[in-house]
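Asker: Same order as they appear, the protein sequences are chains A and B. Under this note's numbering, the residue at position 38 of the first sequence is numbered 38, and the numbers go up by one with no gaps. Under this note's numbering, the residue at position 105 of the second sequence is numbered 1105, and the numbers go up by one with no gaps.
There's no promise every hint is true.
[Said to hold, decoys possible] Here are the simulated distance ranges between beta carbons:
hint, chain 1, residue 1, chain 2, residue 2, range
1, B, Gln1435, A, Asp362, 54 to 60 Å
2, A, Gly45, B, Asp1362, 46 to 52 Å
3, A, Gly359, B, Glu1460, 36 to 42 Å
4, B, Ala1109, A, Arg129, 57 to 63 Å
5, A, Ala212, B, Arg1367, 52 to 58 Å
6, B, Ala1454, A, Glu198, 48 to 54 Å
7, A, Asp194, B, Thr1044, 32 to 38 Å
[Said to hold, decoys possible] Facing chain B, according to a computed beta carbon distance under 10 Å, are these residues of chain A, among others:
hint, residue
8, Ser51
9, Glu67
10, Val73
11, Met159
12, Ala208
13, Asp274
14, Ala417
15, Ala419
16, Arg420
17, Ser451
18, Pro453
No wet-lab data here; the hints were simulated from the structure. Every residue, glycine too, gets a C-beta built ideally from N, C-alpha and C.
Number of protein chains: 2
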Amino acid sequence: MADPGEPVVLGELLVVLDREGSATLHEQLELWLRDQVRTGRLATGTRLPSSRALAAALGISRGVVLEAYSQLVAEGYLTASQGAPTRVAATSGSERAPVAAGALATRHAYDLRSGVPDLAAFPRERWLRSVRAALREAPLDALGDGDPRGEPRLRDELMRYLGRARGAAPEPEHTVVCAGFTQGFAILCRSLRDRGVERIAVEDPGWARHRAIAERAGLEPVPVPVDGDGIDVAALAASGCECAVVTPAHQFPSGVVLSAERRAALLDWADEADGLIVEDDYDSELRYDRVAVGALQGLAPERVCHIGSVSVRLAPGLRLGWVLSPSWLTGELTYETALAEGPASAVAQVALADFLARGELDRHLRRMRPVYRRRRSVLLDAVARWWPRASVLGVPAGVFALVLLGEGVEEETVASAAARAGVGVEGLSAHRHRQLDSARGGLVLGFGGMSEPALERAMELLASAR
Amino acid sequence: MADPGEPVVLGELLVVLDREGSATLHEQLELWLRDQVRTGRLATGTRLPSSRALAAALGISRGVVLEAYSQLVAEGYLTASQGAPTRVAATSGSERAPVAAGALATRHAYDLRSGVPDLAAFPRERWLRSVRAALREAPLDALGDGDPRGEPRLRDELMRYLGRARGAAPEPEHTVVCAGFTQGFAILCRSLRDRGVERIAVEDPGWARHRAIAERAGLEPVPVPVDGDGIDVAALAASGCECAVVTPAHQFPSGVVLSAERRAALLDWADEADGLIVEDDYDSELRYDRVAVGALQGLAPERVCHIGSVSVRLAPGLRLGWVLSPSWLTGELTYETALAEGPASAVAQVALADFLARGELDRHLRRMRPVYRRRRSVLLDAVARWWPRASVLGVPAGVFALVLLGEGVEEETVASAAARAGVGVEGLSAHRHRQLDSARGGLVLGFGGMSEPALERAMELLASAR
């Protein structure tokens, strides 16, 4: 029973304590009280009943109430001093600012925007088998902070895989596992900035994110033109940059491949400028007409920092990538990676090692190549059928294609009409660093994630949306 | 048969083509040739046999050789021009710099250094069950780039869990999943720097990494003293800083808990200075004498940026953490997280959501608390028995304890003697920002990962090593 001299303010509020529940009575009372204070149902300054009175009212022991009160005093929700009643504290958070609604991503019925792979084809069962093996076999070290460069077993398997599939020359000692291209490149840019590098050449047109990441790390991106043979190495040399980030296997967004002459010239440039080539190995393994060209890194491991990931090979959501570092940069990249909490989940790393060792990645890519090749054909056919004045650039590869629009067709007009028709597309200008009046408009279309009928329908809508 | 006018230089080198293997003959030949060039066994300028001659020598079709040659020309390992023989290119990477041996981490028989949990107790089977559920249930979006703040389902579960277990007030809209405290704090520091913040108060003594991360992001760490009640708020106010990073639940390395008065004062300071408190929620849930104090964030969500992770709760190797952001910072943190490839593996995120929803984290912590409590007792007993002049600071909590050495005992002397005896320990001075002559030496001992007998033996060795 409540002491009559002590108003039981809590009586207006319903306290339900569950004697059968998994939480103790003390935990329940504490949770309930904290919640009342926080939401303002118990306002600042409110005097609480004495522990004795509340215990009697609730039919519980006084010790339980005292425990809850003292916990909430310790946390700052209540105040109490010797002899004075317990009250709701002033800084009780009860006047929390209302929360703004989160930004909603635009949704399209057909999303042709990004260069992601077919996520529905992700081999969940096979990946699970590798995760299971990893959880069974992962050494204890792997569950701790581990080697900041990543799990040794994964770095070993990457050496074998990238040597075989990409013609790269990885050394496990100089391989740094990261969470994907973006993290790897960000870490590299910060390390370069620390060494005093101020500018980095980027391809133009080129992936907008190259520029964003470089800028974020304090480097000035310097656009260097790309033509049908890839980056213009003479223009690169003239830029005076010491570093350049390139996409040699399948240039984004133009879709061209760096020619043999340019590859040699680029490596010569690196030697002459005493510079560094950053090789973005995006969607390099998806070539449909011939075997993909090997990685530049294999030719000059001390001149090339190679960054790749499972994003297009498997799924970006796995957050697994790798940096093949020149030996002179490994230390700095390792330090930066540790500070960036770099090497993704140890379990995922060991799972990827297992997946590679079982040949599952090869199997998956072998399965996906004809799928993507057919989707690309659907896209090309649709362009030919519906957009006679447009043209598709680049080699048969990857999960995106650049469609150059006919003369006088405005990219923005097409893109907004497409959005209204439910088709999300990305304009080429997003990936142009210099906006030239003379440049033709274009759309960078990602076809990786869409079935052939859906792709056909999307292209039809797109064509009619002009 | 080789053309007599064409020296078959490859004859000296053994080519073994496996007709039964999974790789095609062309792939095998290409791999072999690339390797010969790269290792320098085929030197720059070496003239290769004609495709006809090599095909005859190897007993394979000429098309296979042509395919391999043209691939390696495209990659830059070989050069060829109309009419001239194919040669090993100059930039062939055959003069690769030798690679330095990687740094070897020092290994100790007994490692008392870091505050990691008991990794052997990691519930692998239960985690696997959640991974399996995640792989079955994860939406396709989750395998793509997803929401840069992290999987919605995990942000929902974190709201429930952290509300319940930490007295925090998380809003899913303002929760940003990250790869751990380090990444979360690094991202926050970069965002603050971008807003024009130049200095951040850090606890002294305090975790050395707070300082390192802040400095790396371009902020100046300003040490503010910690006493038996936690950070000295008057000194903080006098510092003129607008931001402070604190460990209220269990101060590292002193082991004290921020007192109720100081909690209130700290929140008042944040209001008066219009400042931000960064709450590092390290090992907050491991309190052995009473329920842990709730998170500061629950009291003032717009004044506190709360960062936590599964590192001590489960295992650092999972790379999963969370930032509860004030609503006004969420946008910037989200952008930074996207650029840092923040939200760890989507599969792991959904797995953690499942793990939380099943109550597995509660179960694991309930199981571990008595284990750690006993280990801490072993450590305290050992100090009392062998080091009468030393004293252990802090409350019964967490996976580390600070042992203050007796007057006149040199921290470095003890640490190096211990290392020689096979015991790795970390000196307190590593976590002191200002080195005071008057300060007593101390050791920060991590006891989480060691069984009681091992801990006893380690402490015995440590005591005899003085």
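Asker: Taking the hints in turn, state whether each one holds.
Answerer: So, going through the hints one by one against the coordinates:
no.: 1; hint: Gln1435(B) / Asp362(A): 54 to 60 Å; verdict: holds, 56 Å
no.: 2; hint: Gly45(A) / Asp1362(B): 46 to 52 Å; verdict: violated, 34 Å
no.: 3; hint: Gly359(A) / Glu1460(B): 36 to 42 Å; verdict: violated, 50 Å
no.: 4; hint: Ala1109(B) / Arg129(A): 57 to 63 Å; verdict: violated, 36 Å
no.: 5; hint: Ala212(A) / Arg1367(B): 52 to 58 Å; verdict: violated, 45 Å
no.: 6; hint: Ala1454(B) / Glu198(A): 48 to 54 Å; verdict: holds, 52 Å
no.: 7; hint: Asp194(A) / Thr1044(B): 32 to 38 Å; verdict: holds, 35 Å
no.: 8; hint: Ser51; verdict: violated, 16 Å
no.: 9; hint: Glu67; verdict: holds, 8 Å
no.: 10; hint: Val73; verdict: holds, 6 Å
no.: 11; hint: Met159; verdict: violated, 12 Å
no.: 12; hint: Ala208; verdict: violated, 12 Å
no.: 13; hint: Asp274; verdict: violated, 14 Å
no.: 14; hint: Ala417; verdict: violated, 25 Å
no.: 15; hint: Ala419; verdict: violated, 19 Å
no.: 16; hint: Arg420; verdict: violated, 23 Å
no.: 17; hint: Ser451; verdict: violated, 13 Å
no.: 18; hint: Pro453; verdict: violated, 18 Å
Violated hints, listed in ascending order, are 2, 3, 4, 5, 8, 11, 12, 13, 14, 15, 16, 17, 18; each of the other numbered hints is respected by the structure.
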